[in-house]
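S.K.: One-letter residues, chain by chain:
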Amino acid sequence: MITNEAPRVVRTDEEIVISIIQGNKDDFGLLIDRYEEKLTRYVRRFTQKTDDVSDIVQVVFIKAYTNLQSFDTDRSFNSWIYRIAHNESVTHLKKKGGEKVSFIDFDIFFPHPFAEESSDDKALAREQEELLEASLKDLSPKYREVLVLYYFDELSYQEIGDVLHIPTATVGVRIKRGKEALKKLLATNHYQP
Amino acid sequence: MNSLKTKILETVQKNNIRMIPKWKFVLYSSLGIIGTFFIFVLAVFLFSLTLFLLSRYGFMYMPFFGFMATLRALDALPQLLLGCSIILLIIVEALTRYYTFSFKRPLLLMLLLITGGALVISYGISESPIHERMRDYARDHHLGIVSKAYERPRHFKDRGNLDVLRGEVISASSSQIAIQLFDGKVILARASTTRLTKDLPALGEDVVFLGDFVEDIFEIVDIHDVPKMFFRNGPPHQGGKPSMYPNDGRKDFGRIRNATTSVK
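So the sequence lines, in the order shown, correspond to chains F and E.
1 is the number of the first residue of the first sequence in my numbering; add one for each residue after it.
194 is the number of the first residue of the second sequence in my numbering; add one for each residue after it.
Check before you lean on any hint, since a few could be wrong.
Said to hold, decoys possible - Simulated pairs of lysine-lysine, DSS-like, Cα-Cα distance not exceeding 30 Å: (1) F:63 - E:341; (2) F:176 - E:297; (3) F:63 - E:198; (4) F:38 - E:198; (5) E:198 - F:96; (6) F:25 - E:198; (7) E:341 - F:95; (8) E:207 - F:63; (9) E:198 - F:94; (10) F:94 - E:297; (11) E:200 - F:25; (12) F:49 - E:200; (13) F:49 - F:176; (14) F:94 - F:63; (15) F:63 - E:215; (16) E:297 - F:38; (17) E:297 - F:25; (18) F:25 - E:217; (19) E:378 - F:63; (20) F:63 - E:200.
As the list claims (entries may be wrong) - With beta-carbon atoms standing in for the labels, derived distance ranges: (21) F:25 - E:339: 39 to 49 Å; (22) E:256 - F:187: 19 to 29 Å; (23) F:12 - E:310: 34 to 44 Å; (24) E:222 - F:90: 20 to 30 Å; (25) F:51 - E:222: 30 to 40 Å; (26) E:329 - F:73: 48 to 58 Å; (27) F:96 - E:225: 28 to 38 Å.
Worth flagging that the hints you see were computed from the coordinates, not collected in a lab.
Quick caveat: nothing in here was measured; it's all calculated off a predicted structure.
Beta carbons are placed, not taken as given, at the ideal position from N, Cα and C, and that holds for glycine.
Please take these sequences and the hints and turn them into a complete structure.
M.R.: Encoded structure:
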């Protein structure tokens with residue numbers, strides 16, 4: 001069937017941001033629709049908490065709104081809002097004091113050769129999602145976060161580097177070490193693939 | 194509409210939360226960049242002052258006299274200046290990590306770039322006439338603290354018997370020479386061995402001496418020429434002539450007899 005209706009153009013996040021800055025405050029709801037679920041999952045997995053997750057996500061959106069004019073629309077909004085969520089999660093972890101979040105990280109000190117994972121590796125991990133999720137709590141936040149961003153939120157190395165403020169090659173190193181730590185955990189728990 | 198979205202949108206509509214205007218971000222980042230730049234300049238200035246003092250008073254050339262003399266040179270390091278400049282460079286590194294161009298590179302590379310850059314610029318400044326002019330200005334205008342900064346770095350005599358002097362020979366006889374130091378002080382010196390007597394430098398030469406004070410006279414153990422380096426003989430606009438030593442000592446030979454040895 002042929003209609004005269006023009007196809008609905010899906011606006012990008014960056015276009016929505018421009019619209020909000022121009023005064024269309026309601027458009028912020030579109031961003032909440034797009035990111036609420038993603039950020040809730042990310043914060044829950046990273047902090048390994050269930051109680052305060054919605055509070056953290058609320059703070060993330062409020063901070064995103066107040067600082068919206070600092071966002072450079074030539075860059076990725078996805079990485080920008082994840083960066084706010086990362087900062088809030090780290091603040092929360094430090095405040096609660098349950099887990100150690102180190103300030104000094106030698107991974108970012110030295111240059112590393114760049115080696116991106118193959119898509120097969122990613123697909124394999126997806127099959128084992130439940131298992132991976134169950135083991136996350138035993139990993140240190142440094143490796144847990146990078147695995148969550150890569151396997152669950154499907155961010156690229158570049159985007160993860162932007163979120164965590166670390167070089168792209170370091171992202172690869174952390175994913176590799178995170179996987180190795182995870183394998184050790186699974187072996188300890190007598191899991192056979 | 195879900196509860197979180199409703200809550201946030203209501204707050205936004207009622208103007209309970211407002212967007213921070215763009216000019217504030219521009220102002221903050223400009224202040225950040227200017228602040229980082231000034232801290233870097235301060236670190237470079239302190240670094241260059243350290244190199245300048247070590248070079249002009251001869252401590253930088255101690256490695257020419259062997260390992261023990263090099264260890265002695267470590268005593269003479271103006272540790273406060275060096276410590277401050279290193280701390281300031283670390284602050285600069287930490288501040289620049291907020292900018293995208295910086296965190297995308299490994300920390301080690303950024304540290305090397307910033308420290309290496311600061312060292313190269315500092316060396317250039319230490320060999321240019323800037324510090325000499327500042328020293329002269331501070332002396333002429335009686336700026337006590339600044340003048341003090343340009344004095345010979347303190348050293349710890351009790352740790353060894355070796356001392357170093359860098360200066361220009363302003364008077365020479367067969368057994369003794371008079372050396373004018375960078376700060377204008379004049380020191381009488383003599384060779385500790387007959388062999389060295391033959392090697393005593395000629396008038397006008399800029400030389401580093403290793404030795405020790407015996408009463409008011411400096412007994413020379415070893416002598417080394419100051420290596421020719423960038424600007425050592427003065428910048429090109431001064432015709433390449435030595436500019437670092439004050440002229441008054443050369444005119445007043447009478448002062449040699451009453452030479453002070455306050456560098457001890």
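S.K.: Does each hint fit the structure? Answer for all of them.
M.R.: Comparing the hints with the structure gives:
{"no.": "1", "hint": "F:63 - E:341", "verdict": "violated, 51 Å"}
{"no.": "2", "hint": "F:176 - E:297", "verdict": "holds, 19 Å"}
{"no.": "3", "hint": "F:63 - E:198", "verdict": "holds, 14 Å"}
{"no.": "4", "hint": "F:38 - E:198", "verdict": "holds, 14 Å"}
{"no.": "5", "hint": "E:198 - F:96", "verdict": "holds, 26 Å"}
{"no.": "6", "hint": "F:25 - E:198", "verdict": "holds, 12 Å"}
{"no.": "7", "hint": "E:341 - F:95", "verdict": "violated, 48 Å"}
{"no.": "8", "hint": "E:207 - F:63", "verdict": "holds, 16 Å"}
{"no.": "9", "hint": "E:198 - F:94", "verdict": "holds, 27 Å"}
{"no.": "10", "hint": "F:94 - E:297", "verdict": "holds, 25 Å"}
{"no.": "11", "hint": "E:200 - F:25", "verdict": "holds, 14 Å"}
{"no.": "12", "hint": "F:49 - E:200", "verdict": "holds, 22 Å"}
{"no.": "13", "hint": "F:49 - F:176", "verdict": "holds, 25 Å"}
{"no.": "14", "hint": "F:94 - F:63", "verdict": "holds, 19 Å"}
{"no.": "15", "hint": "F:63 - E:215", "verdict": "holds, 15 Å"}
{"no.": "16", "hint": "E:297 - F:38", "verdict": "holds, 25 Å"}
{"no.": "17", "hint": "E:297 - F:25", "verdict": "violated, 34 Å"}
{"no.": "18", "hint": "F:25 - E:217", "verdict": "holds, 20 Å"}
{"no.": "19", "hint": "E:378 - F:63", "verdict": "violated, 64 Å"}
{"no.": "20", "hint": "F:63 - E:200", "verdict": "holds, 14 Å"}
{"no.": "21", "hint": "F:25 - E:339: 39 to 49 Å", "verdict": "violated, 57 Å"}
{"no.": "22", "hint": "E:256 - F:187: 19 to 29 Å", "verdict": "violated, 55 Å"}
{"no.": "23", "hint": "F:12 - E:310: 34 to 44 Å", "verdict": "holds, 39 Å"}
{"no.": "24", "hint": "E:222 - F:90: 20 to 30 Å", "verdict": "holds, 22 Å"}
{"no.": "25", "hint": "F:51 - E:222: 30 to 40 Å", "verdict": "holds, 36 Å"}
{"no.": "26", "hint": "E:329 - F:73: 48 to 58 Å", "verdict": "holds, 54 Å"}
{"no.": "27", "hint": "F:96 - E:225: 28 to 38 Å", "verdict": "holds, 30 Å"}
When the structure is compared with the earlier hints, violations turn up for hints 1, 7, 17, 19, 21, 22 and for no others.
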